[in-house]
Amino acid sequence: QKEVEQDPGPLSVPEGAIVSLNCTYSNSAFQYFMWYRQYSRKGPELLMYTYSSGNKEDGRFTAQVDKSSKYISLFIRDSQPSDSATYLCAMSASGNQFYFGTGTSLTVIP
Amino acid sequence: SQTIHQWPATLVQPVGSPLSLECTVEGTSNPNLYWYRQAAGRGLQLLFYSVGIGQISSEVPQNLSASRPQDRQFILSSKKLLLSDSGFYLCAWSVQDSHGQPQHFGDGTRLSIL
Chain Z
1 QKEVEQDPGP LSVPEGAIVS LNCTYSNSAF QYFMWYRQYS RKGPELLMYT YSSGNKEDGR
61 FTAQVDKSSK YISLFIRDSQ PSDSATYLCA MSASGNQFYF GTGTSLTVIP
Chain D
1 SQTIHQWPAT LVQPVGSPLS LECTVEGTSN PNLYWYRQAA GRGLQLLFYS VGIGQISSEV
61 PQNLSASRPQ DRQFILSSKK LLLSDSGFYL CAWSVQDSHG QPQHFGDGTR LSIL
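Chains Z and D, in that order, give the protein sequences.
So the first sequence is numbered by the working numbering: it starts at 1 and just counts up by one.
So the second sequence is numbered by the working numbering: it starts at 1 and just counts up by one.
In case anyone wonders, no lab produced these hints; they're calculated from the structure.
In this text the structure is predicted, and so the values were computed from the model without any measurement.
For each residue, glycine too, the CB sits at the ideal point set by N, CA and C.
Please note that a few of the clues may not be correct.
[Stated by the list, open to error] SDA-like mimics (lysine to any residue), calculated; alpha carbons at most 25 Å apart, straight line: (1) Z:Lys56 x Z:Thr107; (2) Z:Lys56 x Z:Arg41; (3) D:Lys79 x D:Glu26; (4) Z:Lys42 x Z:Lys70; (5) Z:Lys67 x D:Thr28; (6) Z:Lys70 x D:Gln62; (7) Z:Lys42 x Z:Ser28; (8) Z:Lys42 x Z:Ser105; (9) Z:Lys56 x D:His5; (10) Z:Lys67 x D:Asp97; (11) Z:Lys2 x D:Thr28; (12) Z:Lys67 x Z:Gln80; (13) Z:Lys2 x D:Arg42; (14) Z:Lys2 x D:Glu59; (15) Z:Lys56 x D:Pro8; (16) Z:Lys2 x D:Leu11; (17) D:Lys80 x D:Glu22; (18) D:Lys80 x D:Gly54; (19) Z:Lys2 x D:Thr24; (20) Z:Lys70 x D:Glu22; (21) Z:Lys67 x D:Glu22; (22) D:Lys79 x D:Leu47; (23) Z:Lys2 x D:Phe88; (24) Z:Lys2 x Z:Gly59; (25) Z:Lys70 x D:Gly52; (26) Z:Lys70 x D:Gly43; (27) Z:Lys2 x D:Pro8; (28) D:Lys80 x D:Ser29; (29) Z:Lys2 x D:Leu46; (30) Z:Lys67 x Z:Glu15; (31) Z:Lys56 x D:Leu47; (32) Z:Lys2 x D:Ser94; (33) Z:Lys42 x Z:Lys67; (34) Z:Lys70 x D:Leu82; (35) Z:Lys42 x D:Gly54; (36) Z:Lys2 x D:Trp7; (37) Z:Lys70 x D:Gly27.
[Stated by the list, open to error] Selected chain Z positions facing chain D (in silico; Cβ < 8 Å): (38) Met34; (39) Gly59; (40) Phe75.
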């Protein structure tokens, strides 16, 4: 079983839609959770960083962590064509080792 | 603010040739440094990480090596490239502490082996 599972998509939504991206994990020791956005031919860019369970909001983006279900989500409100990218989840127990999902490809259609 | 630079952005090399990819970080001291390879649909594969000058941990035995000659410089090398070394190579840094500080990535080098 992989440490982190992420549906690769692709996901296609109309502009203005609410997007939900998800990852599941198996290691209950994970307590730091990240979402990255990666545009084509670019490196991943950190979008959200959360510790333990709960919600975190930043503009149109909301990250949710449910440690009891080992499930994390990223919501994008009022999606824009500029949100079209691949979204990677990542997590860590502590220290230097990080585990990444394989990424979900998102296209927002104008 | 901190920035990370990777070069070159694109590289085409013949099989059997040597490789040197460089990564530098500005605006921070004593960072953790990482080299990843990203293959389509397969996520990020950690190749090497470093917690200090001259300290390199290898995650995957292969044709590549890494060095950290200065605090904020990380180099990925190969003496003889293989076809299987083609891919997108990413350098990343993070603050060195025990609290799972997130990684920050450069814009990568797309390496094609002919």
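We went through each hint and held it up to the structure:
no.	hint	verdict
1	Z:Lys56 x Z:Thr107	holds (24 Å)
2	Z:Lys56 x Z:Arg41	violated (28 Å)
3	D:Lys79 x D:Glu26	violated (28 Å)
4	Z:Lys42 x Z:Lys70	violated (29 Å)
5	Z:Lys67 x D:Thr28	violated (32 Å)
6	Z:Lys70 x D:Gln62	violated (33 Å)
7	Z:Lys42 x Z:Ser28	violated (31 Å)
8	Z:Lys42 x Z:Ser105	holds (14 Å)
9	Z:Lys56 x D:His5	violated (29 Å)
10	Z:Lys67 x D:Asp97	holds (23 Å)
11	Z:Lys2 x D:Thr28	violated (33 Å)
12	Z:Lys67 x Z:Gln80	violated (30 Å)
13	Z:Lys2 x D:Arg42	holds (12 Å)
14	Z:Lys2 x D:Glu59	holds (17 Å)
15	Z:Lys56 x D:Pro8	violated (36 Å)
16	Z:Lys2 x D:Leu11	violated (32 Å)
17	D:Lys80 x D:Glu22	holds (17 Å)
18	D:Lys80 x D:Gly54	holds (22 Å)
19	Z:Lys2 x D:Thr24	violated (32 Å)
20	Z:Lys70 x D:Glu22	violated (37 Å)
21	Z:Lys67 x D:Glu22	violated (38 Å)
22	D:Lys79 x D:Leu47	holds (16 Å)
23	Z:Lys2 x D:Phe88	holds (22 Å)
24	Z:Lys2 x Z:Gly59	violated (32 Å)
25	Z:Lys70 x D:Gly52	violated (33 Å)
26	Z:Lys70 x D:Gly43	holds (20 Å)
27	Z:Lys2 x D:Pro8	violated (32 Å)
28	D:Lys80 x D:Ser29	violated (33 Å)
29	Z:Lys2 x D:Leu46	holds (15 Å)
30	Z:Lys67 x Z:Glu15	violated (31 Å)
31	Z:Lys56 x D:Leu47	violated (31 Å)
32	Z:Lys2 x D:Ser94	holds (24 Å)
33	Z:Lys42 x Z:Lys67	violated (31 Å)
34	Z:Lys70 x D:Leu82	violated (39 Å)
35	Z:Lys42 x D:Gly54	violated (28 Å)
36	Z:Lys2 x D:Trp7	violated (32 Å)
37	Z:Lys70 x D:Gly27	violated (35 Å)
38	Met34	holds (5 Å)
39	Gly59	violated (18 Å)
40	Phe75	violated (19 Å)
The structure fails to meet hints 2, 3, 4, 5, 6, 7, 9, 11, 12, 15, 16, 19, 20, 21, 24, 25, 27, 28, 30, 31, 33, 34, 35, 36, 37, 39, 40 from the earlier list, while all remaining hints are met.
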